Each structure stands twice: as C-alpha cells, then as structure tokens.
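Number of protein chains: 2
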Amino acid sequence: MEEKEISQAVIGRLPRYFRYLGELKDEGVERISSQDLSELMKVTASQIRQDFNNFGGFGQQGYGYNVEYLYDEIGKILGLNRRHNFIIVGAGNLGRALGNYMNFERRGFIFKGMFDRDPELVGKCVRGVEIMPMEKLNSFVRENDIDIAVLTIPKAGAEAAAEQLVQNGIKAIWNFAHVDLNVPEGIQVENVHLSDSLMKLSYNIDRYENEQAGK
Amino acid sequence: MEEKEISQAVIGRLPRYFRYLGELKDEGVERISSQDLSELMKVTASQIRQDFNNFGGFGQQGYGYNVEYLYDEIGKILGLNRRHNFIIVGAGNLGRALGNYMNFERRGFIFKGMFDRDPELVGKCVRGVEIMPMEKLNSFVRENDIDIAVLTIPKAGAEAAAEQLVQNGIKAIWNFAHVDLNVPEGIQVENVHLSDSLMKLSYNIDRYENEQAGK
Chain A
0 MEEKEISQAV IGRLPRYFRY LGELKDEGVE RISSQDLSEL MKVTASQIRQ DFNNFGGFGQ
60 QGYGYNVEYL YDEIGKILGL NRRHNFIIVG AGNLGRALGN YMNFERRGFI FKGMFDRDPE
120 LVGKCVRGVE IMPMEKLNSF VRENDIDIAV LTIPKAGAEA AAEQLVQNGI KAIWNFAHVD
180 LNVPEGIQVE NVHLSDSLMK LSYNIDRYEN EQAGK
Chain B
0 MEEKEISQAV IGRLPRYFRY LGELKDEGVE RISSQDLSEL MKVTASQIRQ DFNNFGGFGQ
60 QGYGYNVEYL YDEIGKILGL NRRHNFIIVG AGNLGRALGN YMNFERRGFI FKGMFDRDPE
120 LVGKCVRGVE IMPMEKLNSF VRENDIDIAV LTIPKAGAEA AAEQLVQNGI KAIWNFAHVD
180 LNVPEGIQVE NVHLSDSLMK LSYNIDRYEN EQAGK
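If you read the protein sequences in the order shown, they are chains A and B.
Numbering that gives the first Met the number 0 applies: residue 0 is where the first sequence begins, and numbers increase by one.
Numbering that gives the first Met the number 0 applies: residue 0 is where the second sequence begins, and numbers increase by one.
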C-alpha cells in the first residue's frame, strides 16, 4: 500500500465497514456491490468508493467487492491481524464492563491486567484477570509488553495515571476519564466522552420537536 | 435563533465546547478570545468562529467571548436547560456504570428506571433506582414521561427492545448494543460502538510505528 496521510474521518469509518462486512461474511455473502453496501449501511455509494479509494479501491467494481477479501483487508489496515496487549486502570463498573467484553479478544486485543487503588477490589478477578494495586502498575506495564491502557478512573487521577503510563512505555490510551489528556507526540489517545453523545441526543430531540411544532 | 439545518458534525463538537467552557467558568474566567480557546482546545480559531457562526456568532470577537454567556447559550442549544427522563435497559456492568454516573443529573438527564430480564437482578437498586423486570417496560415508559432509553443489552435482544420502546412513545435511544438499529423517522438514535474507537486506536498505533520505521 502506498504511504499517504489518510484523514481520521476516513479511519473513523473503517470499523463500521469492518462490522458490516463481518456480518455479511457470517451470513455467507460472497460478493456485494457498493450500491447494496450503500443501502445496507445507509451511506452513499460514492462515499464508500471514496473511502475505499484511499486504500487502492479493493478490487473491481463491476463485479462488486469480494466480502471476505474486503473484510480481511480492512482488518489488516486497522491492525487487527496483530496482537495488542491491554490493561484497564480503574476497576469500577465501566472498567469491569470493558474487561468482560469478550469480543476484544477476537479482534486481537488481549486483556492482561487490571488496576485499582481501592484495597477492597484488589485481589478480585474480572474474567480471570486479577485486580492489582496501583503500586504494581509501572513494573507490570514494562514487563508485560502492554500497548494499550484503558483509563476508567475519575478525572482527578487521570492526568497523573496517563503520565505514569507514558513513562513506562505505553503506546496508546483509550481514555474514558472526562478530561482531554496531554501526552507526548507518538502516544495515541482515543477519548470516549460518553456524555458528549448524550448531549447530541438531547439536541436532536429538541430540534425534531421544534421542527414538528413549526418553530 | 434563525431556523437552519446545522450539520451533525457541528452539533457533535458542541458538547466539547460546553465541557471546556464549564471548566473555564468554574475557574472564574470571564472572557476568552477565540485564539486562547483555540490553543486550549487544540482546534483552529477559524474552526471555532465557523462553528459559532452557525448560531449567530455569540458576541463580539474583539473583546473575546463572555464565558458564562457562551456556556449558557451552548447549553440551551444542546437542550440541557430542559429535563429529559431516561431509563436504562440492561443492568449489566455497563448499564450500572451509566446509572451510577452522577453528572447526567446535572445536565438535566434524570435516571428514572432500570430493566433487566435476569430475575437475579430484579429488585436490586442502582443509585436508588430499582431494577424492574422487562414485563414492566411498556407501561413504565408510557406512564413516566420517558424521553430516552439507554440500551445496554446484547445485540440479539436490541432490535426487539428498540421496537417495543418506540411503540410505547420513546423519543430517543442511546444505543450501546453492537447493532445499528432501524427506527422510524423522528426517533433519535445515537450509537456508541465502543470497539470502533478501540480499532481506531489500533490503526493509529500501527501507522505511527510504520512511520517511525520509515515504511
């Protein structure tokens, strides 16, 4: 594949293609046209073609796309053919929910460790992984080839935890704390601000009601 | 405010402005220039001005923006000055994590009820809200002025639950199930596909490593 900068907007859409193609594959569908994929996914066919052209187009259009090939290729682009070890920092409900989510394993994300400052939680297990005290975080990250840290702790401790993780060689942070982290260049951060999407929902409820009321 | 269609991309950025302005307000900052806001939020000043121009611009630029006014106005646009009652369908770890999140209340989202099909969970409480059996869902939604349903159940049951909710008058679904829901026009859906953002992270780790390796 040629090296060129691909926009984060395009990258952000790849996982959804990957999900749909995985389902088509599971259903035994072998080929699909951009038109049919467009109807299924409710995006325009031209958007699909434009997105795919960033990666060379993925095969002839007249015949449609080969579902399995496309699924595999997008998986590779997303790095899902490689293993990424991850830990979860914060063993509250959200941390435990993510630890219990089996599908990550299928995608190559291997749950290796969990940390919490609460002595009540330390020693308990989530899906076979023991909750360890924060004091063990640094050495664990260094010694277990951990790529990704999932931050599910309150805002107050998040910056300090992120700094500690970076110093010990973490490559990426999946951040659920309600704060935008400052990390050095080269450290990947994906923020999940859950309430942001709830606010968007609230906006859309009101907008629709105002439209209906003719306001 | 004039009625015009504002893109979902702009709407999607409003909660982040709202978060930053809330913090500035808490710190006692009264005015901020688009330049300073730009540096703080790491977006261009022209992006900020463009976004705000969708809503009339929010005041003079030479003097900077009035933080509290801007915070309040964006809050109103997001519908946060209104109350929205919500229920959570699915009382697993993720559902409980969302039920326990106090900040929703501050934004006008009131946690009214929780439902699960597991008899072991029924009768237990999450932040004072009792977990009810699924059989009570329909009547509860109808009788308690519920706007929003949070779906934290597995994919298999999500479509059926969504249909049931829509039939009983729900206005919006905040969907954590790993499936894109088909709902009638006018029902707002916001999907949170958590693994999508993990895949994006994985892509960015690999891209950076390839760049560093000069590939």
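Heads up, some of the hints might be wrong.
To be verified - Cross-link-like lysine to aspartate or glutamate pairs, in silico, EDC-like; alpha carbons within 20 Å at most: (1) B:K75 - A:D144; (2) A:K75 - B:E104; (3) A:K41 - B:E184; (4) A:K154 - B:E210; (5) A:K154 - A:E104; (6) B:K75 - B:D117; (7) A:K75 - B:D50; (8) B:K170 - B:D144; (9) B:K170 - B:E184; (10) A:K24 - B:E104; (11) A:K170 - B:D195; (12) A:K170 - A:D195; (13) B:K24 - B:E4; (14) A:K154 - A:D179; (15) A:K75 - B:D195.
Hints are computed from structural coordinates only; laboratory data are not their basis.
All values derive from a computational prediction rather than experimental measurement.
Hints and how they fare:
no.	hint	result
1	B:K75 - A:D144	violated, 47 Å
2	A:K75 - B:E104	violated, 42 Å
3	A:K41 - B:E184	holds, 14 Å
4	A:K154 - B:E210	violated, 32 Å
5	A:K154 - A:E104	violated, 27 Å
6	B:K75 - B:D117	violated, 39 Å
7	A:K75 - B:D50	violated, 35 Å
8	B:K170 - B:D144	holds, 10 Å
9	B:K170 - B:E184	holds, 10 Å
10	A:K24 - B:E104	violated, 42 Å
11	A:K170 - B:D195	holds, 18 Å
12	A:K170 - A:D195	violated, 25 Å
13	B:K24 - B:E4	violated, 29 Å
14	A:K154 - A:D179	holds, 9 Å
15	A:K75 - B:D195	holds, 14 Å
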